[in-house]
Amino acid sequence: MATASVLIQRGHHRKGDIVTLKAIIAHPMETGYRRTEQGAVIARNIIRRFTCHYDGVEVFACDLFPAIAANPLIAFTTVATRTGPVTFTWTGDNGFHHAETATLTVMD
Amino acid sequence: MSSPFSPPSGSEPDRRFVLALGAGMAASIMVRPVRAEPEDMTRAILAFTGGAAPTPGKVALDIAPLVENGNAVGVEVRVDHPMRADDHVTEIALFTEKNPQADVAVFHLSPRAGRAHVVTRMRLATSQHVTALARLSDGSFWTDTREVIVTIAACTED
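So the protein lines, in turn, are chains A and P.
The first sequence finishes on residue 108 if you use the numbering used here, and the numbering steps up by one all the way, no holes.
The second sequence finishes on residue 1158 if you use the numbering used here, and the numbering steps up by one all the way, no holes.
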């Protein structure tokens, strides 16, 4: 099971505020360009897609390539609408799939 | 018979010429998978823009000019453009010049982002240029490029 951490910018968010979201996940992001000492290619094993759904709507997505560093970090922003779940999903090679959910609280 | 690939004129192909040609081809085949050429980045950018030439401006690519370790280099892209429903940034893409593959990441944005601002960490195989592109909802493309000196490489060595 992958270890992932998601962070929603702290503070008293009001409707319309821009909120920073950060997501990091433990993953080797093996490029597929490295070789063993015997010369055999080490198979690629990367996360290819990251998505963020807020209150059921996809608000952000990212395609990743081998040039993204191991343990990918992605930070981005979203506009606070109303209190609801924020779900971060990573999918990739070898059937990799991981999701984390946090709550974005919006004050009235 | 004046093609640059035809052997020097004479009754028989020059032995030395053939040997040199063979050695040159072998070298290019061996070098090929290790590192991409700058033209590969140009090709990847044109594939992203659908052939349009991006305009320098609007995009601010923030990456350290000198890094010791190419394994995880912080990179930040901001686009100085509103995120209104009718006029916003739809995509931000990152490309490298000399990594084995030119693509780094493509971020898909919507007005729900509020701001065109993304952060990640990337690998740099060697000292090279890194380019950020932004696609706007009107179909225009904007770009910024930075040169990074890397003292310890990533990707291909372990």
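To be clear, the hints were calculated from the coordinates, so they are not data collected in a lab.
Heads up, a few of these hints could be off.
[Unchecked claim] Listing some non-contacts, in silico: residues in chain P with all C-beta distances to chain A over 12 Å:
id	residue
1	1037
2	1042
3	1066
4	1072
5	1076
6	1087
7	1102
8	1110
9	1141
[What the hints assert, rightly or not] A few chain A residues that face chain P, going by a derived Cβ cut-off under 7 Å, partial list only:
id	residue
10	18
11	33
12	65
13	78
14	94
15	96
16	99
17	102
[Stated by the list, open to error] Taking CB as the label site, the calculated pair distances span:
id	chain 1	residue 1	chain 2	residue 2	range
18	P	1084	A	39	52 to 60 Å
19	P	1138	A	45	35 to 43 Å
20	P	1069	A	99	42 to 50 Å
Glycine included, every Cβ here is placed at the ideal spot set by N, Cα and C.
Hints that the structure is at odds with (numbers, increasing): Hints 4, 5, 7, 8, 14, 15, 16, 17 and 20 not satisfied by this model.
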